[in-house]
Amino acid sequence: MHELSLHILDLVQNSLEAGAQTIWLGIVEDAEADKLTIRITDDGKGMDEATVSRATDPFVTGRTTRKVGLGLPLIQMTATQCGGHLSIASKPGQGTTVEAVYQLSHWDRPPLGNVADTIKTIIVANPGITFYYLHRVGHKAFFVSTQELKEILGDIPFSHPEVLAWLDNYLKENTANLYGGVQP
Amino acid sequence: MKTVEDLRRLREELKSQMRVRHEGGTRIIVGMGTCGIAAGAREVMTAVLDEIAKRKLEDVVVRQTGCIGMCEKEVLLDVVRPGEPRITYGKVKPEHVPLIIAEHVVNGRIVEDLVVGKIIE
Numbered sequence: 001m002h003e004l005s006l007h008i009l010d011l012v013q014n015s016l017e018a019g020a021q022t023i024w025l026g027i028v029e030d031a032e033a034d035k036l037t038i039r040i041t042d043d044g045k046g047m048d049e050a051t052v053s054r055a056t057d058p059f060v061t062g063r064t065t066r067k068v069g070l071g072l073p074l075i076q077m078t079a080t081q082c083g084g085h086l087s088i089a090s091k092p093g094q095g096t097t098v099e100a101v102y103q104l105s106h107w108d109r110p111p112l113g114n115v116a117d118t119i120k121t122i123i124v125a126n127p128g129i130t131f132y133y134l135h136r137v138g139h140k141a142f143f144v145s146t147q148e149l150k151e152i153l154g155d156i157p158f159s160h161p162e163v164l165a166w167l168d169n170y171l172k173e174n175t176a177n178l179y180g181g182v183q184p
Numbered sequence: 001m002k003t004v005e006d007l008r009r010l011r012e013e014l015k016s017q018m019r020v021r022h023e024g025g026t027r028i029i030v031g032m033g034t035c036g037i038a039a040g041a042r043e044v045m046t047a048v049l050d051e052i053a054k055r056k057l058e059d060v061v062v063r064q065t066g067c068i069g070m071c072e073k074e075v076l077l078d079v080v081r082p083g084e085p086r087i088t089y090g091k092v093k094p095e096h097v098p099l100i101i102a103e104h105v106v107n108g109r110i111v112e113d114l115v116v117g118k119i120i121e
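Heads up: the sequence lines are chains C and F, in that order.
Per our numbering, the first sequence runs over residues 1 to 184.
Per our numbering, the second sequence runs over residues 1 to 121.
Careful, some of the hints might be misleading.
Below, computed lysine-lysine pairings styled on DSSO-like, alpha-carbon distance capped at 27 Å [what the hints assert, rightly or not]:
no.: 1; chain 1: C; residue 1: Lys150; chain 2: F; residue 2: Lys54
no.: 2; chain 1: F; residue 1: Lys91; chain 2: F; residue 2: Lys73
no.: 3; chain 1: C; residue 1: Lys150; chain 2: F; residue 2: Lys56
Footprint (simulated), chain F over chain C, 3 or more residues, beta carbon under 8 Å [unchecked claim]:
no.: 4; stretch: 11-20
no.: 5; stretch: 119-129
no.: 6; stretch: 147-158
no.: 7; stretch: 163-176
Distance windows between CB atoms, simulated [claimed, not checked]:
no.: 8; chain 1: F; residue 1: Val4; chain 2: C; residue 2: Val182; range: 21 to 27 Å
no.: 9; chain 1: C; residue 1: Asp155; chain 2: F; residue 2: Glu112; range: 33 to 39 Å
no.: 10; chain 1: C; residue 1: Glu173; chain 2: F; residue 2: Val116; range: 34 to 40 Å
no.: 11; chain 1: F; residue 1: Glu112; chain 2: C; residue 2: Thr130; range: 38 to 44 Å
no.: 12; chain 1: C; residue 1: Gln147; chain 2: F; residue 2: Asp6; range: 15 to 21 Å
no.: 13; chain 1: C; residue 1: Ser53; chain 2: F; residue 2: Glu103; range: 47 to 53 Å
no.: 14; chain 1: C; residue 1: Ala31; chain 2: F; residue 2: Arg109; range: 49 to 55 Å
no.: 15; chain 1: F; residue 1: Arg8; chain 2: C; residue 2: Tyr179; range: 23 to 29 Å
Derived by calculation from the structure, the hints in this document are not laboratory data.
Every value quoted in this text rests on a predicted model; they were computed, and no experiment measured them.
Cβ coordinates follow ideal geometry from the N, Cα and C atoms, glycine included.
For reference, chain C alone in the conformation it holds in the complex (with noise of 0.2 Å):
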């Protein structure tokens, strides 16, 4: 995947198939210490060791539907790439937190990409689930939670074609401000 960004989405659908009600994302980068993290939280069905330390075998994998599983492989090898890793967290019963690390100046890393379509997509297609979202570039942070949007719109839905014009606008525009105008 050429984007770290569609690597999110891949990770968010895990903790969707995990059961997950609540999601937590956070994205930060640090010049100073050149590291770029991405951690996902959720309060899923969560692993157990052994199923820990197989996630990453592209030929473990949950579904039924077919044999291999590349999402966590693929994160796995691009972080690793990049002078990074990943790591997984987890307890049955408790969720799973999941932590890519990259080089932020490494040439091989690939780009956030478009951050804002990733995070609509989640928001408006699973309007069933809490999503938490905080985006750090250095001094510079956005924060959105599901919990206070839905708390606006009540029993307007989130595609409702006006919320997603804002939505857009509004994921778009602050995700550019903390690249100083221009998109990741």
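Assemble the complex: chain C is given as a structure, and chain F must be docked to it using the hints.
This is chain F only, laid out in the frame that chain C set:
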């Protein structure tokens, strides 16, 4: 720059405009497994949301789903109109989305060329 306050104002405007709430509208479901995402599912989803906003469609429900095993036919997009069979479109590109929405979602005419499956629910 857009703020949450803008959403509050929008909500007040919509409250006064909303008369009939359409229940049980058409559902659009996009496959978002690793296979789907790698094949361009996010771009297809973005095209769907753009089209809903552009055509001001108020009774469409959008959802994502995981891998259903037809990875070679990704991106998979399902349209389910109330009381009609679930139609699965395969190898969907963002440029197909306006056609699927105009023909199938709005006018109820299935875009046969892109269909890979039909399920009566």
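Run the structure past the numbered hints and jot down the numbers of the failing ones, going up.
Per hint list: zero violations.
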